[in-house]
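Let's have the full structure, built from the sequences with the hints guiding it.
Note that the sequence shown covers residues -19 to -1, 1 to 352 in mature numbering (1 follows the signal peptide of the UniProt record, and there is no 0).
Note that these hints are calculated values from the structure, not bench results. Just so you know, not all the hints are guaranteed correct.
[Said to hold, decoys possible] Calculated cross-link-like contacts (lysine-lysine; reagent style BS3-like; alpha-carbon spacing at most 27 Å): (1) K141 with K352; (2) K40 with K57; (3) K105 with K307; (4) K202 with K303; (5) K235 with K202; (6) K338 with K219; (7) K319 with K57; (8) K319 with K293; (9) K303 with K50; (10) K40 with K351; (11) K141 with K351; (12) K338 with K40; (13) K219 with K123; (14) K123 with K105; (15) K219 with K319.
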Amino acid sequence: MRLALFGLIFVILSATTKANEISPPNTGVSGVYEVMIGTDEPEPLLTFLNQFGFEVIDKGALSAEQANKVYGVQSKLNSYRLQNNDIDSHGLIRILHWDKPISNGVGYAQPETVGQRMMVMRTKDIFHLNDIFNDARYSGEKWFATQPVYDDLYDMTEGKLNVINRRIGVREMAAYGELMNIVFYQRYGYTIPGYGTIDDDSPLATSEITHNDFILAGSSKEDMYRQTDYYRDVLGFKPEGPVVLDGDWQAGPKAVFNMADGASHWYRGFVSPNNIAGKLKFFVNPDPRPDRSHEQRAGAKGITLHSVFTDKLSTIHQLAIKHQLKTTSIIDNEFNEKAFTFVGDDGSTWQVLQQPKLKNPAVTELNFLKK
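Spelled out as structure tokens, the structure:
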């Protein structure tokens, strides 16, 4: 069984799995480095994210002319890079303060609206978070929080359960808002080093962003392959396996996506060969869903871009051009990093950076440690 939202890998592809499985090029790509959130009011957003342990570690700025070259957006830009604890290889956030946002973005919408992006964090207390988001909703803020749901994803629980022999698994929930959608999960009975590290000083006991979800247009398995193959062929991500049909029979996705009885979606996951975290998860619905994908673009408010880094910047740039993706030149971004920005076949916008100096290199070996 493959569940949609949990940030773990259990299927490792071999080169001989299937004839249609193509080995990704060696691009040196990281897991997802940053989630980028557009806004015209950075201070409330910075205060909000600080509650989840994210603190500003760098600032940058571009003129409208420079921003047009880097992002294709004719607007003055001030950026803030935020990091959770000392995790610097993946799971950061970049706030894009646009002087003139081009739109309000996807905005507050029902779960599985086409164009939605979701960032995922681990927490120590999921019920506390559920209370907090429900309190915010009752106070008039636009938040919809799903009820936390438990599942033993990997059949690790054994024997008769009691005080001594306790359940092993995860509980998760989602919070849907105006600028961002967040999925939280809490582990029971095990941990994974390098995947969801929580600082004791984090006000809400939450981690870096461990993986990211994308709701895409289309209705078929073929639509999924067509839109997401470039993650393998251009960026060098490794597919977890073939596209599969998930649905309401799975407790986690049914709750997090608020799925109606009988609902389903096509799922495909990717992971960097250089980091167990920073995963990508994609969903295409066979049945009609609200579509706001036209608002999913750089310069809008909300989660509209993501970044990765590599020590082979020109290699990925050449691959993007070869695959006829809309691509900028390699130039300095607002942090004076060599980078280029491109739009993929699924409408997602990516910035690829020259690899930074890391204090804590990525973990590449997946280990489950029972507690």
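Status of each hint after checking the structure:
Taking the CA atoms of K141 and K352, the gap is near 17 Å; set against the 27 Å cutoff, the hint holds. Our distance criterion of 27 Å between C-alpha atoms is met by K40 and K57, whose separation comes to about 14 Å. A distance of roughly 41 Å separates the Cα atoms of K105 and K307; the hinted pair therefore is violated under the 27 Å criterion. A C-alpha spacing of about 24 Å is found between K202 and K303, which places the hinted pair at or below 27 Å, so the restraint holds.
For a cut-off of 27 Å, the pair hint linking K235 to K202 stands: about 20 Å separates their Cα positions. For the hint pairing K338 with K219, the CA-to-CA distance comes to about 24 Å; that is within 27 Å, so the pair holds. Restraint check for K319 and K57: the C-alpha separation of about 19 Å stays at or below 27 Å, so the hint holds. For the hint linking K319 to K293, the alpha-carbon distance of about 11 Å falls within 27 Å, and the restraint holds.
Only pairs whose Cα atoms come within 27 Å are accepted, and K303 paired with K50 is accepted, the gap being roughly 20 Å. Straight-line distance between C-alpha atoms of K40 and K351 comes to about 40 Å, which puts the hinted pair past the 27 Å bound. Proximity of K141 to K351 is assessed by CA-CA distance (about 17 Å); at most 27 Å being required, the pair is judged to hold. Between the alpha carbons of K338 and K40 the distance comes to roughly 17 Å, so the proposed pair stays at or under 27 Å and holds.
Restraint check: the Cα-Cα separation between K219 and K123 comes to about 36 Å, which exceeds 27 Å; the hinted pair is violated. A hinted pair counts as satisfied when its Cα atoms are at most 27 Å apart, and K123 with K105 qualifies at roughly 24 Å. Among the hinted pairs, K219 with K319 is consistent with the structure: their alpha-carbon atoms are about 25 Å apart, no more than 27 Å.
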